[in-house]
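S.K.: Each chain, letter by letter, is given below.
Number of protein chains: 2
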Amino acid sequence: MTRYLLYFLPGTGHLAAPLAHELGADIGEIEFHRFPDGESYLRFLTPPDGRHIALVDCLDRPDPKLVPLLFAAMTAQDLGARSVGLIAPYMPYFRQDVAFNRGESISARHIGALLSAHLSWVTTLDPHLHRLASLDDVFTIPGELAHATEPVARWIKAHIEQPIIYGPDEESEQWVRAIAEACDAPYDVFRKTRMGDKNVKIDVPASVDAGSHTPVIVDDIISSGTTLATLVRALCESGQPRPICCAVHGIFAEDAYEQLIAAGAAQVITTNALPHKTNAIDITRVLAEAARRIDLPQD
Amino acid sequence: MTRYLLYFLPGTGHLAAPLAHELGADIGEIEFHRFPDGESYLRFLTPPDGRHIALVDCLDRPDPKLVPLLFAAMTAQDLGARSVGLIAPYMPYFRQDVAFNRGESISARHIGALLSAHLSWVTTLDPHLHRLASLDDVFTIPGELAHATEPVARWIKAHIEQPIIYGPDEESEQWVRAIAEACDAPYDVFRKTRMGDKNVKIDVPASVDAGSHTPVIVDDIISSGTTLATLVRALCESGQPRPICCAVHGIFAEDAYEQLIAAGAAQVITTNALPHKTNAIDITRVLAEAARRIDLPQD
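Heads up: the protein sequence lines correspond to chains H and R, in order. Position in the first sequence (first residue = 1) + 4 = the numbering used here. Position in the second sequence (first residue = 1) + 4 = the numbering used here.
It should be emphasised that the hints constitute simulated quantities derived from the structure, not laboratory data. All residues carry an ideal CB built from backbone N, CA and C; glycine is no exception. Please note: incorrect hints may appear among the correct ones.
To be verified - Short derived list, chain H residues pointing at chain R, Cβ under 7 Å:
1) R65
2) D201
3) S227
What the hints assert, rightly or not - Residues of chain H placed beyond 10 Å of chain R at every Cβ, according to the derived structure:
4) G28
5) G54
6) L133
7) H163
8) E165
9) D188
10) P279
11) L300
To be verified - Simulated coverage check for chain H against chain R, where a stretch passes if three residues somewhere in it have a Cβ under 8 Å from a Cβ of chain R:
12) 33 to 44
13) 79 to 87
14) 117 to 130
Please put together the full structure from these sequences, using the hints given.
M.R.: Set out below in structure tokens:
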């Protein structure tokens, strides 16, 4: 069994000890500094020479993080690392996976090309695979997916009596159904119309009734929070109990958390894929299992 | 003569009309948007299909700008552009051109590799070539250099009676000497010791005397402003007249401009390579001339 050497990039410190423990890996030291002019400086204090290493990077708010990540990958290769993998608890840009209008950047493919050119393998947690069937549609390097379904379902079973799982839109059905099945809970998925970055419409049919169940809204990402806040409001207005919001990736752009609470959410729960005060579900085990499935080059 | 199609990325609008005029080029429309979660969206509204295009991008504070630039280059290629060049009035990361300590990222080479992989050619203005001899040390694509020497010297000659040109350190000698010669002015270069990002020491020997000349400090970059502010203070303390500060690239990190004025600078002058209220010297002509020297692939 290969022993990985893990380097934790800024914003991933909360995963360092548990992920190294789950993977039976060593932790390497990397120094990171931003100069007053905005340029990034980085230095491997623990030599990666001759080792299979992985860079751990939470790629929310991605643009300022991607350049240092690519520089780190190139530096590790310059220094003689045997392989340089990426463990990304959150993978950005997967929602722009086609040109919705002529002339648009297909960012999912572009980020795949960029990362594939400089890394040996990639592992990520529940990326937004909607039209994309698998990581192979984006990356030309080996990729392994981790899923939060089981840890999320376990949390719901342990904390919510008689849950009913709601998904805000058809894209969420893949997560909602799997989690509902793992909880032995009923589920329902609504229909969303997007009118802008921060303006959506969700129809809650009159037939929807949680009855004695506690509604748990499940989605992959809380970004601006608009989608979930809209559904929370629609459910409350239709006379349902105040729902719990549960997401794999809590990005919480701007005042997204406050908006959800103001809309009427009873509680907001996320995994620790991205650090936030709502973190309640640990995904280090499923992330480590995915990284362990990678076939490393043997020599 | 090939007619370029130019796309101006955010922060370069001030160069659009003059650069297109100097180059005899067309201006293409590109839409740029940042989503609430920090992801970039871009769309070519003017089709680049079949055209030799150039992306114009001021790469100060580079990390958030490099990802959209690379996405734009990849999108233009996907859409069928014949070639995709980069006109970068400022090229970042050229000061980290060796590993000063083991384990450091050699960022100049890494940015060269990233840009070379996705662009057809590159033009930039007075990059910090100190240990690097030419653009070919960094890029594997054709590159052409523009120099601000002539426009800077012309400005000094037109506005300063009897100038004496000062350089803050030995690295600045290349610009200082060329500009002094073009102005028929005397010059002197001092010795700098760097103790940190914002802490330098500059020795002004007792023999230095501007006499009836007006001191003009010339440097390539004003970043934190620490170097220039230190020299301004040292000159004033040694009884010289208050100097004028003149730089090619005015990055002005944080309160750099206010610091220079507080140190005693009589005036701060920059070129319009990066937009700032101190812009007084136009570099569009030398930038256009460099872009015109590129040998485009003919077919």
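S.K.: Would you mind marking each hint as holding or not holding in the structure?
M.R.: These are the hints, each one checked on the structure:
1. With 7 Å as the threshold, the beta carbon of R65/H comes within range of chain R, its nearest partner Cβ sitting at about 4 Å, so the hint holds.
2. Of the supplied interface hints, the one on D201/H holds, with its beta-carbon coming within about 6 Å of a beta-carbon of chain R, less than 7 Å.
3. Annotation: interface hint on S227/H holds; nearest CB of chain R at approximately 4 Å, less than 7 Å.
4. Non-interface status of G28/H relative to chain R is upheld: no Cβ of that chain comes within 10 Å, the nearest being about 25 Å off.
5. The Cβ of G54/H lies farther than 10 Å from every Cβ of chain R, with a closest approach of about 14 Å, so its non-interface assignment holds.
6. No beta-carbon of chain R comes within 10 Å of the beta-carbon of L133/H; the shortest separation is about 16 Å.
7. Here H163/H stays apart from chain R, with its beta-carbon at least about 27 Å from theirs, past the 10 Å limit.
8. Here E165/H stays apart from chain R, with its beta-carbon at least about 33 Å from theirs, past the 10 Å limit.
9. With a least beta-carbon separation of about 33 Å from chain R, D188/H lies farther than 10 Å from that chain, consistent with its non-interface assignment.
10. With a cut of 10 Å on Cβ distances, P279/H stays outside the contact zone with chain R, its closest approach being about 15 Å.
11. Residue placement check: L300/H keeps its beta carbon more than 10 Å from all beta carbons of chain R (closest about 23 Å).
12. For the stretch 33 to 44 of chain H, the stated coverage by chain R is satisfied: 6 residues place a CB nearer than 8 Å to a CB of that chain, which reaches the threshold of 3.
13. Evaluation of the coverage hint for the stretch 79 to 87 of chain H: fulfilled, as 3 residues show C-beta separations to chain R shorter than 8 Å, against a requirement of three.
14. Coverage of a stretch by a chain is defined here by at least three residues with a beta carbon nearer than 8 Å to that chain's beta carbons; for the stretch 117 to 130 of chain H and chain R the count is 3, and the condition holds.
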